[in-house]
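Novice: Single-letter residue listing:
Number of protein chains: 4
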Amino acid sequence: MDFSLTSELRELQDRTQSFIRDTIIPYERDPRRTAHGPDDALRHELIAHARAAGLLSPHVSRDMGGLDLTHLGRAVVFEAAGYSMLGPVAMNCAAPDEGNMHLMERIATPEQKERWLRHLAAGETRSCFCMTEPHPGAGADPSLLMTTAVKSGDEFIINGRKWLITGAEGAAFAIIMARTVVDGQDVGATMFLCDLPMPGFRCVRSLDTLDSSFTGGHGEIVLEDLRVPATDVLGSIGEGFRNAQVRLVPARLTHCMRWLGAARRAHDIALEHSRRRHAFGSPIISHEGVGFMLADNAIDMHTAQLAIRHAAWLLDQGERADLESSMTKVYVSEAVWRIVDRCVQVLGGLGITRDTEVERIFRDVRAFRIYDGPSEVHRWSIARKLGRVRT
Amino acid sequence: MDFSLTSELRELQDRTQSFIRDTIIPYERDPRRTAHGPDDALRHELIAHARAAGLLSPHVSRDMGGLDLTHLGRAVVFEAAGYSMLGPVAMNCAAPDEGNMHLMERIATPEQKERWLRHLAAGETRSCFCMTEPHPGAGADPSLLMTTAVKSGDEFIINGRKWLITGAEGAAFAIIMARTVVDGQDVGATMFLCDLPMPGFRCVRSLDTLDSSFTGGHGEIVLEDLRVPATDVLGSIGEGFRNAQVRLVPARLTHCMRWLGAARRAHDIALEHSRRRHAFGSPIISHEGVGFMLADNAIDMHTAQLAIRHAAWLLDQGERADLESSMTKVYVSEAVWRIVDRCVQVLGGLGITRDTEVERIFRDVRAFRIYDGPSEVHRWSIARKLGRVRT
Amino acid sequence: MDFSLTSELRELQDRTQSFIRDTIIPYERDPRRTAHGPDDALRHELIAHARAAGLLSPHVSRDMGGLDLTHLGRAVVFEAAGYSMLGPVAMNCAAPDEGNMHLMERIATPEQKERWLRHLAAGETRSCFCMTEPHPGAGADPSLLMTTAVKSGDEFIINGRKWLITGAEGAAFAIIMARTVVDGQDVGATMFLCDLPMPGFRCVRSLDTLDSSFTGGHGEIVLEDLRVPATDVLGSIGEGFRNAQVRLVPARLTHCMRWLGAARRAHDIALEHSRRRHAFGSPIISHEGVGFMLADNAIDMHTAQLAIRHAAWLLDQGERADLESSMTKVYVSEAVWRIVDRCVQVLGGLGITRDTEVERIFRDVRAFRIYDGPSEVHRWSIARKLGRVRT
Amino acid sequence: MDFSLTSELRELQDRTQSFIRDTIIPYERDPRRTAHGPDDALRHELIAHARAAGLLSPHVSRDMGGLDLTHLGRAVVFEAAGYSMLGPVAMNCAAPDEGNMHLMERIATPEQKERWLRHLAAGETRSCFCMTEPHPGAGADPSLLMTTAVKSGDEFIINGRKWLITGAEGAAFAIIMARTVVDGQDVGATMFLCDLPMPGFRCVRSLDTLDSSFTGGHGEIVLEDLRVPATDVLGSIGEGFRNAQVRLVPARLTHCMRWLGAARRAHDIALEHSRRRHAFGSPIISHEGVGFMLADNAIDMHTAQLAIRHAAWLLDQGERADLESSMTKVYVSEAVWRIVDRCVQVLGGLGITRDTEVERIFRDVRAFRIYDGPSEVHRWSIARKLGRVRT
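Chains as they are written, first to last, in my numbering: chain C, -18 to 372; chain H, -18 to 372; chain R, -18 to 372; chain A, -18 to 372.
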């Protein structure tokens, strides 16, 4: 075993940390941050900085303009990027684009890559992933998928409703999951690529949400006789769920990486406050009620980082790491939540104001215990694996 | 022992519940709800409804237009009011006005009551309580109070800075806590009444905060040579902290009451969702991962209600109930938080959208573990009492 | 509402507290305490003290020699008795005898009462309740009951295996639950009374267990052609489960009462230690890491007591209190556990030695989260009720 | 980074696992297990097995008969050994001997090694470490050390009282920590080696404790004019606390390693039960209330293992790892506790009987949150480090 990072990776980590601290954090007070992430102008300005710093899209291949990072490399760099909520946007490694790039590099055709991925990887465009549906459709249980794509000649005609679609507003294209019907037969779920805007794809509203850092917010989409040519199927027909796994496991981990960075930021803000702020005769960190919270933060960050890096390393070894990524997702999403909640508490009244970045992190991170599988679904899935496998 | 409510109180509880359900909840979608509570027009409209229903200011004396409720009566009625975040506003029993009325009824002079309290109790005006100061001033540790009131002839000249002052924007008067200097001597803290607007009292900004339901938001105030006549001292000179206790203990409990109502609302929304929403073949409430959360909510609401009613009853017996109100504040603020957090989790993606009232309750209630004494300060105070008293 | 106790009940509480403190606690160092509770000689000596003090069997009717306490009265007195692990034994209100007396007072025939209950209530004899079976029989799920009672003439012939039968060793009689077969038909579960010792009822071993305070320990029983006359059916044939409810709900609560007393004892020991023991320059209670644990104990004891008294009061009003007793059982069993665990931690190394009574309480109370329905079964049952009832 | 084990280490892990499973676990039902660990005969029999298997004292140097394992190697092998509570005894790597060997290898003189260490490493003898004192002496706060060693000619005369001294009964020698006085001057704490039995060293009692697996139990020692030649100082005079650090940090980790193995054992027993035991129509693992507990176990074991291996690796790099070993000690001791507590709950009634090994593990592991620094002391120490270091 070896817990050290290569010198290349350490150098990249340092460089990312400096970039975030010196170039990105100053933007956090920029009024162009909206309730739905940075606006277009700010986004492009941030991306230009990352491009200049050689830090754009670090997860994609060099051919596509990235740094071709391994999963472990992402664990290190995305955590550093996440130290500012604007970092992943700047470095073009925020959700859902990052996961979409990962997916497309693996299963898109060369033509699809040139047409969609290249611009996405360059930070010129944004994308969205249209999977979740409003009640009673697909959510934590994807088998409830109700959107249909019916083959009609060389096209598919898609109808349905999607919901909580991150980044839909302003996306240049969508990946749409639909139950597919060919010759009157349900042949399973399929993913489709679709340029936006497009008749038949209507973003009927942008949801008001607790979080506020996802570019483009979360939209509700009506799909009405949306026509997609058969050539724009992503992967194979009927293989939608299987292919989604290619995206799902790593996407789950990259969320963990970025959020761990955000939690570390919150912790540093709370820690700094706890050293400066006096009450009852001494800095509040010297009161155990406060100090213990910060100690627990340190423990949570430490164990979360180990779990993330381990799971990333497993993926790099070619393992599926289903169980480990589920365990890591549950553990990190809950650890990050505990950390940020403690930071609010340490900051006291200041913690619930927007005067520090903690308030925003707090609002944004709550959803992580829900998306990419709620804790309950992962625990159920872990238990099912335990029930089956003989130890 | 008798855990039953009198028939009068049950009738009032029923009436309040109907009023909230039929008259107030429909306003929750009113666009006049802002990030800083209902706007003035909406507030007055809501108050008119409560007045018509005979439910205005139930905690003040009949002479002042209220229902003269005991503390136990408040426990029942405020919980019912809190079932909508607009309920306490409508019934004029929201913080900080409710606590200010309670305080003034007990320690204001007859002239002060006519001049300030009567209009406040009638819901015509709003007020604010200026105690908390920005770092390094008074917060969880009130002894750090830095604002000064210097006696000069028949006046006091007040200078300082206040922060997180709920309802300051738009208040018709303020109660201001200041360290008092008479003849060059620090004679302790004093509370002052002061009409608003007033030169020398400047609301320099309205803070952006996690919560969004307090009317007038939370302001930052600069006090610059604010002149207050000696007749406008509330209570006695130098008795500010002692008199603040008159407000503090019951105010702590009324927060518990209202928030318990809000938690119950969140629970009912989550429960209803859990019965309707299906996943993996059955309503999600039938999955233990969800059902157990709702069961824990039921337990938390039950024990929280018992603790609140017990502490209120103690106050009605003339007890100071210092220990019990501290224990209740810690317990209820944390129980309510657990409940609402679980509701978000049960609702899944829906829980982080503003499509249900749960998102707003979630944001608003977080601060309750901080204000009126953070959990840590109460635990410290409880431990100190345990350390002293021989069992 | 009225949270005060009647003066009669307060007097009885005082008297019980003095009795426990002055008469019973000194016996805690008696070598006749075994790994399976006090031995026979000690038990009779303790009972003689309670009889002399007029505190024997306070829950049974005056006709049977008790104090005819209401459920609320039991809540107060049993908590005081539980302050020593020997208290309920002395006062003849320990499990399982206390629950058996309660059951028999309600459903036994006058003849059965004279024959069995009178001696039991007088503390002359002990009894056991034979319900639980070893895997794969009845446990948390009683429907798995495998023991059978087959009608044969005027007798029932019982065969089966029982397990974890508290107090079996040395009991003068047993109540046995068995699936009943009459004329080849399964007519449901029935309870039978049976003198001990008796051929066909063999205690094959006494289990080694974590706990050590139940008189007679926990036995494993083989029932082999045990013959019980039809006159010794307790209640009616086929009504075993229904009648068991008569015992179950109150028995669940009386466990809560006694264990709360034990938790209070552990807390007082830890509190006293925390005032005397110095570390890092001051009494350890003044370190928040310790003080907060004691504060949380105070909160847990307070809320647990309220929940117990409320549920007891409901029973006194003639309510079934199914939901409330389930909530109370889960809450109290877990609160008591937290309390005692914290006490061990506060005591440090001392906490894991038998030098204080805390070690024994710790071992004994763990099982309470399991018996009378594990927390998981109660949460499931509460959720099911929530799922059904429209709010 | 590389999370894989070398093939040598994997082979050793496999070999240890087989040894424990095939050779040691069958001894768990041996009646020679007492309330104070295995008796002498059993201990020697177990050690003979480990010697034959080439697995004795794997942590000591090859010169002393061991396998010269790195800290990481210990992490792997000790966890495997801990899978049976008898494993570390058999392999001569149980506390306190293992830590004493580690310490002596580093700071003892060659003569001391031959005289004491060689026999200890061979499993022929046992030892004890006399540091902790009864109230008001040294415990969590070592500065309270009251035992004195006064220089008198070529000897030290030691007086004091020690308490909770693991393995004292039957030890062949002791390491004694005492405040040292030379020429009337307190020159700091010193460690002394002392053959046993010895006049002046009296084991006045063996404590009854919650745990039952430490060989020789925990003794209380009176030191009365105990004479130790100056040549038997271990390390240097006045360097006792500094030298104790050499023992402390690794000893803290080896406890984590062994207990993680024990927790894994408990988990496997509970898991197996949860697959076999049916209730409410299916194996109990399929009920989320049970399945989630087992899933949480899996997460806790995974993160605990990562933290242990990381800290061990740091030591292997020559780091002091103060912070990481504190974080790991807190995390693992609490994670292991959660795991074993859940196992008891999953097992239900069976969990509180000695019919499975879980009951014993449960009792034994509770103390780990206390010894080697209670969680509270470690959290305080972590917070102090956070407060100092600028991030």
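Be a bit skeptical, because a hint or two may be false.
The list treats identical chains as one, so a pair stands whether inside a single copy or across any two.
Stated by the list, open to error - Below 20 Å or equal to it, Euclidean Cα-Cα: the simulated EDC-like pairs (lysine to aspartate or glutamate) are:
1. K366 / D249
2. K94 / E220
3. K366 / D345
4. K366 / E253
5. K366 / D277
6. K132 / D164
7. K94 / E201
8. K94 / D44
These aren't lab readings, by the way, just hints derived from the structure by calculation.
Note that the structure is a prediction, hence the values are computed from the model and not measured.
Novice: First find the shortest C-alpha distance between K366 and D249 inside one copy, then the shortest across copies, and answer within, between, both or neither for a cut-off of 20 Å.
Specialist: between (38 Å within a copy, 14 Å between copies)
Novice: With identical chains treated as interchangeable, where does the CA-CA distance between K132 and D164 reach 20 Å or less: within a copy, between copies, both, or neither?
Specialist: Cα proximity of K132 and D164: one copy only (7 Å, versus 66 Å across).
Novice: Could you place K94 and E220 in one of the four classes (within, between, both, neither) given a Cα distance threshold of 20 Å?
Specialist: within (19 Å within a copy, 68 Å between copies)
Novice: Between the shortest in-copy and the shortest cross-copy C-alpha distance, which are at most 20 Å for K94 and D44: within, between, both, or neither?
Specialist: within (11 Å within a copy, 63 Å between copies)
Novice: Treating 20 Å as the Cα threshold, decide for K94 and E201: within, between, both or neither.
Specialist: neither (27 Å within a copy, 53 Å between copies)
Novice: When no copy is named, should K366 and E253 be tagged within, between, both, or neither for a Cα gap of at most 20 Å?
Specialist: between (43 Å within a copy, 13 Å between copies)
Novice: At most 20 Å between C-alpha atoms: does K366 with D345 qualify within a copy, between copies, both, or neither?
Specialist: neither (31 Å within a copy, 29 Å between copies)
Novice: As a check of your reading, is K366 near D277 (CA-CA no more than 20 Å) within one copy, between copies, both or neither?
Specialist: Between. Shortest inter-copy distance 13 Å satisfies the 20 Å Cα cut-off; intra-copy 30 Å does not.
Violated hints for the displayed structure, listed by number in ascending order: 3 and 7.
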